[in-house]
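*Asks:* One-letter residues, chain by chain:
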Amino acid sequence: MLNPLLKHFARIWRQHFALQMTTVIVLSGTFSVIGISFLIHQNLTKVLTQWGNSISMSVFLDDEFNNSDKLISKIKKSEGVASFEYVSKEKASQLFKDQVESYIPDLVFDSEFKNPLPASYEIKFDRNWSKEKYNEVVRFAKELMDFKGVEEVSYGQNWVENYAAVVDKFNHSSGLLIFVLLTGSLFVVGNSIRNSISQRRDEIEILELIGSTKWSIRIPYIFEGFVLGFIASLISIIVTYLVFNWQLSVIESGVGIVGGQYHLSFLSFKTQFIIVLLGSIFGVVGAYFCVTKLSTGWTAHQAES
Amino acid sequence: MIDFSHVYKTYPGPVQALSNVNLKIQKGEFIFLTGPSGSGKTTLFKVLSAYLKPSSGRIIVSGYDLNKIKEFEVPYFRRKIGVVYQDFKLLKDRSVFENIALPLEIRGDKTSYVQARTSDILEQVGLYFKKNQLPQQLSGGEQQRVAIARALVHQPGILIADEPTGNLDPDLSEEIMDLLDKVNAQGTTVFCATHDHELVKRRAKKVLTIQSGVIMEKVNA
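Those protein sequence lines, which keep their order, are chains A and B. Residues in the first sequence are numbered from 245 upward in steps of one, following the numbering used here. Residues in the second sequence are numbered from 156 upward in steps of one, following the numbering used here.
Because the hints were derived from the structure by calculation, they are not lab data. Possibly wrong hints are sitting among the right ones.
Below, computed lysine-lysine pairings styled on DSS-like, alpha-carbon distance capped at 27 Å [as the list claims (entries may be wrong)]:
id : chain 1 : residue 1 : chain 2 : residue 2
1  : B       : K247      : A       : K537
2  : A       : K458      : B       : K285
3  : A       : K458      : B       : K265
4  : A       : K341      : B       : K225
5  : B       : K285      : A       : K251
6  : A       : K537      : B       : K223
7  : A       : K320      : A       : K251
8  : B       : K235      : A       : K537
9  : B       : K285      : A       : K537
10 : A       : K458      : B       : K235
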């Protein structure tokens, strides 16, 4: 079964090398853009997940706070809390002085320094990032804010919300881009197959006249679409990898501004498999649309009349 | 084996290509169809090989009613007949062997059988030594022999030959006719269109004449 298909494909490549090559290049470019979009999506999401893994919350208390038993009980009962710690005004002051010591050495020994820092509870969570879990954190923060004596609850919400909004926007726009590119790839494959068909019209007619069935004529062209999509998507993985390696240091230094602990990674095996699968499927579908009206058993008559 | 009953074929125009054709051909017969250019020979053969649908009438060939034949049945019907065309209709990018083996491969025969049967028919038409050549490397007569070999390799009951000597010189024409005689002697029904009257006269065969789409006379030569 495979041998005649491969022979057909080899014949097409020999006879229409330039056209086939152009198709592979255009498809590879298309799938490379899709691969890079997947790559950016994967790493943006990874940053969010890594943030989710290290998420912590500061519950700042005012000076009159005297509700610690109820607050501790609430924190303990909350799902996903890994640990929490009380930081008194004095400890907060000391931590602050330790952090700024190298910039303002005099501050450490300034006896007139009035401590403006509030006492707080520092809460660490053990949850992995997801939008639903982030919403739980937001809800939990609101509940804590309702406690009398709680001045502010901080968990880097502005940064995360802005970042999550960027990720959301990217996901939507890249989804649209991928849709457009995949639709375009159907036309690219279709155009190549249409060309193959029109250049082999005589052969198709002869095959019909000696008793080929509809599908035995169509399948080689569908296989051709499959191979074009498969090869192009494999090449796109290589191109995406080269682009990733080339830009890695630049991107990591950029991401490092946001948080140095984040490390970018290449597409997972699963994603690579999905890209190759998408390429192959769209190759098949693009070719299928071209061949559905190719052979009706009476095409020889239609070609003549 | 072949039964035409009140068959008409009209092309847009309208042009009446076949008009009330009634025809019966029995198994094992060799029949010539003669007539001038444009008389309807080719149309008759195209209808007979399910290349064209008749406008009306009934055509039974090898058990298939060609006026009612379903689209998916056409390939299976075509496997029951062998057709030789004036312009050979060989695949230019495949060797002589590959061209002849096609009907067997299409039918899904085993590779070993395809090899053996194709080699056998190549021997019969005297082209075994040219099996790896491309059609354009052969003479016209050799190409026609390849076309005949391809039409016969799957052992059809009927061989339809549309002007098989139309592009050949007299010597090659005789050679092709000898080959068709040989095929007929092996039991295959042969229906051969030609406008070469001399060639027909030299063969003692049943002859049908067609003119303006009408079968004019039936002569037993």
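*Asks:* If a hint holds in the structure, say so; if it does not, say that too.
*Replies:* Hints, verified against the model:
no., hint, verdict
1, B:K247 x A:K537, "holds (24 Å)"
2, A:K458 x B:K285, "violated (31 Å)"
3, A:K458 x B:K265, "holds (21 Å)"
4, A:K341 x B:K225, "violated (92 Å)"
5, B:K285 x A:K251, "holds (21 Å)"
6, A:K537 x B:K223, "holds (21 Å)"
7, A:K320 x A:K251, "violated (70 Å)"
8, B:K235 x A:K537, "holds (25 Å)"
9, B:K285 x A:K537, "violated (37 Å)"
10, A:K458 x B:K235, "holds (17 Å)"
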